[in-house]
Structures are given as C-alpha cells and as structure tokens.
Amino acid sequence: MSILTSVLTSHRSDIGLDVRPLSTSLAAEVRGVDLADISDELATELRIAFARHQILFFPELRPTPDQHVTFARLFGPLTRPSSVKPSVDGHPEITEFDSRELGEQRAVSGYRERWHVDITFAVEPPGGAVFHAVEVPAAGGDTYFASTQAAYDRLSPPWQRFLDGLVAFHEPGRNILAQADKYGQPDWEGTSVHDIPRTEHPVVIAHPVTGRPGIFVNPGFTTGIKGFSEAESRTVLDFLYAHVTQPEHTVRYRWRNGAVAVWDNRAVWHRRVVDFDELGGATRRVQRVQLKGDRPTAYATGGLV
Amino acid sequence: MTTTALLDDERLSSVDIEPVTGVIGAEVTGVDLRRPLSPDVVAALTSALLDHHVLFFRDQHLDIDQQIAFSRYFGDPNPSHPVPGTGLAEQPEIYRPRSPAEATEGPPSWHADHIYMHEPSKISSLRAVSLPPVGGGTMWASQVAAYESLSPALQGFLDQLSVVHPPPPGFRAQLAAGGAPGRWNGRVIDRLDEVEHPLVVVHPESGKRSIFLHPGYGGGRAGGSRIPELSTTESDALVAFLVAHITAPERTVHFAWTPGALALWDNRVTIHRPVADYDPDIDRVLHRVSLQGEPPRGVPGNRFADR
Chain A
1 MSILTSVLTS HRSDIGLDVR PLSTSLAAEV RGVDLADISD ELATELRIAF ARHQILFFPE
61 LRPTPDQHVT FARLFGPLTR PSSVKPSVDG HPEITEFDSR ELGEQRAVSG YRERWHVDIT
121 FAVEPPGGAV FHAVEVPAAG GDTYFASTQA AYDRLSPPWQ RFLDGLVAFH EPGRNILAQA
181 DKYGQPDWEG TSVHDIPRTE HPVVIAHPVT GRPGIFVNPG FTTGIKGFSE AESRTVLDFL
241 YAHVTQPEHT VRYRWRNGAV AVWDNRAVWH RRVVDFDELG GATRRVQRVQ LKGDRPTAYA
301 TGGLV
Chain B
1 MTTTALLDDE RLSSVDIEPV TGVIGAEVTG VDLRRPLSPD VVAALTSALL DHHVLFFRDQ
61 HLDIDQQIAF SRYFGDPNPS HPVPGTGLAE QPEIYRPRSP AEATEGPPSW HADHIYMHEP
121 SKISSLRAVS LPPVGGGTMW ASQVAAYESL SPALQGFLDQ LSVVHPPPPG FRAQLAAGGA
181 PGRWNGRVID RLDEVEHPLV VVHPESGKRS IFLHPGYGGG RAGGSRIPEL STTESDALVA
241 FLVAHITAPE RTVHFAWTPG ALALWDNRVT IHRPVADYDP DIDRVLHRVS LQGEPPRGVP
301 GNRFADR
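Order-wise, the sequence lines are chains A and B.
So the first sequence is residues 1 to 305, counted in my numbering.
So the second sequence is residues 1 to 307, counted in my numbering.
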C-alpha cells in the first residue's frame, strides 16, 4: 500500500503548490498557480505531479489563449490540436469544441459518446491534452476519465502476461472521417486521415516517463487484435473496455468556467458526458491544445518497441 | 438553483437546491438537519427528492438518533433487512454496509435496496461515519432517465414485461434453516421467496415512468434478476443491456463523501453502488436507514398495473 499512500496524500509544497488527489486511481486538483508568474521550480513540481497523477485539474486558472499555449508548453512540445478540425483564428495550437455544433452533428449521424484516447490511429498519437473549459453548463457536461494503469494493476497476473505480448490495430472510424470531410482539414502530420494506414500499437505500453504499464487499446479507435479472429478480438476487447471503465478506475470531473485540465493519453481514457440538451439553452464550449507524443512502446519488452 | 424562503423558528432561512449533473443528484444547503424541520422545509426537500432522485447534505454531523429522526420526515423506518441480526444491536433500523473494499468477489454490484421484497424500500438515507481520506464514494443511477432515453419501440416492449427478483441467498438460507423470523412493513417474515415486479413502474407521487431493475445478488445467474416472459438467453441479453444503459455516465452521479455528509435517495427510481477504490485496511463506515414502501405498480396494460 506504500505507493497508494504516497499518491493519496494531499500536499502543499514549499513554493505553495497545493495538490489534492481526487481518487485513488488517478487525478488531482491543483491550486496555487499564478499564470503570470511560473518559476522553473514550480514548472518542475507540476511535471512531477503530472507524472504521479496522470491528470491535473486547475479549477480557476482562466487562461487567455496565449496563456493556455504557454502553460501547455510547460508539459512538453506541442502538436496539432486536432486531426479533423481547424484551429481557432490566430492560434494554430488551439481548437475549439462547441456543444451546439456537436449536437447538430449528432442529430444527423446518431453518434453516441464513447470512451477513447485521442488520435491513437496515428503512429505517434498525441501524448496528452491541455484542455480549457471556457464556458460550461451550470450542471451537466462533465468529463469522465479512466486510469489504464490502475486497470492493468488490478488484472490477475495470468491476464497481465496474456496481454503483455499482444498488438492491436487502430483506425479512424466513420465519425472521424465524416468530421474531417466536413471541416476540410483531413490530415494528421501531413497525411490525409483517409490515407492513414491501419496502425499497430502494443496492447500494454510502458509509460515513457514512469515506466508503469497501462492498457493501450480503446473503444474509440481499436479495431482488433493482431493474429486473433474477430470473435476472439471482440471478447478480449469487450472485457477490457468493461474492466477499465469500472468505477474503481475512474474519476468524473465537474467543470467550472475557466477550469483547465492536463491529461496523459498514455495513461488515461476520457469520455464526454452528454447529460444536458446540446441544442437547448446551455452551452459547453471548450478549447484544446495537444502535447506531442512518441510512438508507444511495449511493456513486455522493457519499453523497447 | 431553486431557493425556497422559509420562516423557521422565527428565523428566516433558505433551502438551496443545486443540481450536480444534468439528470440526477442535487446538493442541498441552508438547512440544519439536527434541528426539527418545519413542514415547509420538509415539503421543499420532498419536492427536490422527486425532481433530483438523490439529495446530498454536507457538514451535517448527525448522530444515529438524529439520522432516524430526520428519515422519519419521509416515512416509517423498517429494520435494516427482513432478517434479524443485520442491523446494529441497539438500533435494528441502522444498517452498516460491509466495507466494499473488503469484498473479494469482484467489484461491488449496482442495486436497489430490498427490491426482492413485495414492498421494496421507498427511500433510504446514508450517513458518513468514518471515511477513507480519498476514494470510497457512492454512485447513483437514474432509472427515470434510463427509461426516457430509450426509443419508443423499446419502451413499449418493456412496458409489458416483469422481473423476477431472487432474494439474497444468505438471507433466504438463514430463514430456511429455522433462524428467528424478521419483520418488514410491520409483518412477520419467516421465509423469503422470489418476488415479481413490473420492469417499468409508475412512480406513486410523480406519476413518472421508470425502469425498476438491478442485476441481482450473488453474481451468478441463479441469483440474477430475470424476465419471466422471455427465454433465458433473451432475458440475460436484455438485463445486461438495460443495466449497462442505466449505469452509463449520462445517467449517473458520483458522490465523494466528506465528514458529516448525508445522502437521501428515492429507491424507487435509482440504483446505487459503492466505489471500492480505497485501501481495504481503512475502515469505511456508513449508516443507512430505509423507509417502508409499497408494491411497485406497472403502466396501464401491465399485469401489475392495478396492485
């Protein structure tokens, strides 16, 4: 229980960074950050807290777009904010998602929210997101997060060993392709999402910073397990999807206007909660910057591809 | 947010009801549950409970007697279960659920309290006594939102079905082995049999339709809820689909307990489960009081429409 205990202690550092864990599996709420004055020392503490908790929430950060980008860079180099949507005017690093626009798409396509990790159909998926809740409903429109590392830890050893050697296929689904066509921005790192070949990633990856194993398939983009029949793939993936999203491995976050989150795509799935009327009065407008990620590496081989 | 201004003990106070998700759960402030409540406050809370299904009160720090007294504003307490020996020795109305992290048979199950009785509990209250520093929350899911978000064709199909609810195997065995009888809704209980309820129920106060289903006890098929009008495979598939649908993030709320907090929920339209994500060496203690209910009624045309 020593790992649990150290992660679960609320902590206020000498330079005033206040870190409070939100669950035993993942995520902490952080206070004591002044965007106008972030020292190197504070930046280092933030990166350590991020590696420890996989998601950091800053409930009252209220960044300007420039501050949003500058803050995101504290956690690493950036990549494009979306594979399908254009950026907001004047800020190529930022894309915006508006609930009304999503609701209108949903009314046409019938799309339902799924747990996912962003853009895992790319060879080098984004390593994480820095997310700004610009305007959210008074109630509703939360985001759910699941820890793929806690979920792996709670599998029995035979299942862990079974998964360790496997490789899964990832592809952009119909929803991504339809959005790419709609926005006329269908490329990722120079390749049209229509032309991205089926990508392979290990089923269990080693986290590039901490080395912790995490499950790296997701309901959004994983289409099968290499070498398995479709029925075998479906059985294993359905089990993993139900297991990872058990309440014991998840945290639900209620946004407030101006809240910022940093989450780690190598350790976390996420899912929007659409429990409000997207086409009614309430607006949920959020902006995202993405951190560049490396090619995921297999846990079984000690982090080597 | 709804604010009800009330004259209470010659002191103007206000009960604030703030929803915490889009469909289920509201946090209540502006009321001290340790003191007697005026009829206006009780009416405001009753109305909020109908609207939000579960109410959360923080920093109340009630003792056992105060929890029972508060719960009585909404109905008459039953013993913790229809078999003796499951509540506190001095206060059989108080149930201390087993710490979920102690369980070894897998994650805790979603359930409605006493759904296996002919008269399931209508309302329960749950009070934080001792908590882990992080984790150990409780989740509730709205069976009203679950029903309303289904397509009309499926709603019409479900309206006519019913559910067989097996009692928890341990309780059934305890009475079958000649254990002392229990009490429920004022009657002596000396055996527990499977009961049947409609799958879709009409709320006696709000008139709203909701699903009334939980997966069942014991984890296995023998203890699971089943739909008697369907074949076993059809029933298994439909129950699994409905449980996943009811408990989807769009229809749930997660309450992180804090010292002194109390939750009050409408057991006729919700299912709930603890979250066993904390160190099992830590003692998580909550106290529950459940209130006498009536047999659930089906929609017009259902064979349980007129009970």
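Since the hints were derived computationally from the structure, they do not count as laboratory data.
The beta-carbon is built from N, C-alpha and C at its ideal position, and this holds for glycine as well.
Warning: the hint list may mix true and false statements.
[As the list claims (entries may be wrong)] Part of the chain B face toward chain A, derived, beta carbon under 8 Å:
{"id": "1", "residue": "Val20"}
{"id": "2", "residue": "Pro107"}
{"id": "3", "residue": "Gly178"}
{"id": "4", "residue": "Pro249"}
{"id": "5", "residue": "Glu250"}
[Claimed, not checked] One side of the interface only, derived from the structure: several residues of chain B facing chain A at Cβ under 10 Å:
{"id": "6", "residue": "Leu37"}
{"id": "7", "residue": "Leu161"}
{"id": "8", "residue": "Ala244"}
Okay, the hints, checked on the actual structure:
Taking 8 Å as the C-beta contact cut-off toward chain A, the hint placing B:Val20 at the interface holds, the least distance being around 6 Å. The beta carbon of B:Pro107 is positioned within 8 Å of a beta carbon in chain A (closest approach about 5 Å), and the interface hint is therefore held. Using the Cβ-Cβ criterion of 8 Å, the hint placing B:Gly178 at the interface with chain A is not satisfied: the shortest such distance is roughly 39 Å. The closest approach between the C-beta of B:Pro249 and any C-beta of chain A is roughly 5 Å, which is under the 8 Å cut-off, so the hint is satisfied.
Here the hint on B:Glu250 is kept, as its CB sits about 5 Å from the closest CB of chain A, short of 8 Å. Contact between B:Leu37 and chain A, as hinted, is not supported at the beta carbon level, the nearest pair being about 25 Å apart and thus beyond 10 Å. Restraint check, B:Leu161 versus chain A: the minimum CB separation of about 24 Å is more than 10 Å; hint violated. Evaluation of the B:Ala244 hint against chain A yields a held restraint, the C-beta minimum of about 9 Å falling below 10 Å.
Against the hints set out earlier in the document, violations occur for numbers 3, 6 and 7.
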